[in-house]
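Those protein sequences? They're chains A and B, same order as listed.
Counting with our numbering, you get residues 1 to 94 for the letters of the first sequence.
Counting with our numbering, you get residues 95 to 284 for the letters of the second sequence.
One thing to keep in mind: the hints can contain errors.
As the list claims (entries may be wrong) - Here are some chain B residues the structure puts well away from chain A; computed CB gaps all over 10 Å: (1) 130; (2) 146; (3) 157; (4) 168; (5) 169; (6) 193; (7) 198; (8) 207; (9) 208; (10) 209; (11) 210; (12) 214; (13) 228; (14) 235; (15) 256.
Claimed, not checked - Which residues of chain A face chain B? A partial, calculated answer using Cβ under 8 Å: (16) 10; (17) 16; (18) 25; (19) 27; (20) 30; (21) 31; (22) 35; (23) 88.
The hints are simulated quantities; they were obtained by calculation from the structure and are not laboratory data.
Backbone N, C-alpha and C define an ideal beta-carbon position, used for all residues, glycine too.
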Amino acid sequence: MLKELDPLLHSQLRLGVMSILMSVESAEFTFLKEKTNSTAGNLSVQLDKLSEAGYITIEKSFNGKKPLTTCRINRKGMKAFEDYVNALKDYIKK
Amino acid sequence: MESENKNLSPEQSLDLIASMIRQTQGNVSSGSFYFLLWGWVITLCNFGMYILAKFYSPSNAAFIWTLTIPAWIITMIYASRQDKTRSITTHLDKISMWLWIALGITILPSWIFGSVIDWRVNALVLMPVGMATFVSGIIIRFKPLLFGGITFWIAGTLCFIVSPLDQYLIGGVAMIFGYLLPGYMLRSKK
Numbered sequence: 001m002l003k004e005l006d007p008l009l010h011s012q013l014r015l016g017v018m019s020i021l022m023s024v025e026s027a028e029f030t031f032l033k034e035k036t037n038s039t040a041g042n043l044s045v046q047l048d049k050l051s052e053a054g055y056i057t058i059e060k061s062f063n064g065k066k067p068l069t070t071c072r073i074n075r076k077g078m079k080a081f082e083d084y085v086n087a088l089k090d091y092i093k094k
Numbered sequence: 095m096e097s098e099n100k101n102l103s104p105e106q107s108l109d110l111i112a113s114m115i116r117q118t119q120g121n122v123s124s125g126s127f128y129f130l131l132w133g134w135v136i137t138l139c140n141f142g143m144y145i146l147a148k149f150y151s152p153s154n155a156a157f158i159w160t161l162t163i164p165a166w167i168i169t170m171i172y173a174s175r176q177d178k179t180r181s182i183t184t185h186l187d188k189i190s191m192w193l194w195i196a197l198g199i200t201i202l203p204s205w206i207f208g209s210v211i212d213w214r215v216n217a218l219v220l221m222p223v224g225m226a227t228f229v230s231g232i233i234i235r236f237k238p239l240l241f242g243g244i245t246f247w248i249a250g251t252l253c254f255i256v257s258p259l260d261q262y263l264i265g266g267v268a269m270i271f272g273y274l275l276p277g278y279m280l281r282s283k284k
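All chains, full assembly: derive it from the sequences and hints.
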């Protein structure tokens with residue numbers, strides 16, 4: 001029986017963000033916004049969902065007066081991403 | 095990428111993952127600033143030490159190495175500023191940072207306890223510097239740094255067989271070919 005795909009990851013924007021965060025140490029909000037071609041509002045909402053699930057950590061700081069939002073993936077997020085990719089492979093093999 | 099719940103097929107999901115990972119490639123930062131700063135400081139210290147020890151006062155010549163103290167301070171301030179302005183930190187950036195911190199830790203005892211071995215520390219410093227430079231060349235895929243690393247290894251080996259004073263000449267020349275030339279080439283590449 002095929003595993004159900006994690007609904008939190010099976011969304012275009014969240015999957016895009018998680019793919020980027022899997023391949024880097026950390027990324028700024030502006031980098032994620034540019035690379036995923038999303039709006040600030042939508043990205044912010046999706047990042048909060050990933051953070052609430054414990055998949056990512058969001059750190060807020062300042063560079064001078066400019067606010068900085070830095071995101072990095074957690075162990076739980078890495079595990080969820082790996083499980084998601086394995087489930088995808090099963091679907092493709094089917 | 096606006097729709098949150100667009101129904102993705104497994105193939106689309108894998109394509110999306112691959113395309114996002116591609117976006118992060120080639121983002122390793124290359125710090126020509128550090129090579130130029132340390133290249134100039136250590137070149138000056140080596141040649142300065144040689145000239146002072148040979149022609150003036152050998153006992154006081156080692157004070158020229160205090161030039162490295164402001165270089166450390168500048169390095170820390172610059173690194174902290176760079177860290178704040180960087181929009182992405184890759185795994186290789188982190189490896190690179192720890193490589194150079196590990197190098198500092200490796201050669202620190204040579205500076206602290208150098209007097210115990212009459213300051214014949216050049217080989218002990220140049221060999222690990224060669225390793226860090228070579229590995230940096232691999233990380234940022236920049237051949238001049240590979241040659242720089244090899245230069246330090248050759249210079250470090252030579253230091254075992256030349257007189258203590260000549261070791262500073264070798265160290266200075268090694269810095270020119272190991273740090274300064276690759277540093278300027280790296281800067282012009284940007």
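Checked hints:
no.	hint	result
1	130	holds, 24 Å
2	146	holds, 43 Å
3	157	holds, 38 Å
4	168	holds, 19 Å
5	169	holds, 19 Å
6	193	holds, 14 Å
7	198	holds, 20 Å
8	207	holds, 35 Å
9	208	holds, 35 Å
10	209	holds, 40 Å
11	210	holds, 39 Å
12	214	holds, 39 Å
13	228	holds, 23 Å
14	235	holds, 17 Å
15	256	holds, 42 Å
16	10	holds, 6 Å
17	16	holds, 5 Å
18	25	holds, 4 Å
19	27	holds, 5 Å
20	30	holds, 6 Å
21	31	holds, 4 Å
22	35	holds, 5 Å
23	88	holds, 5 Å
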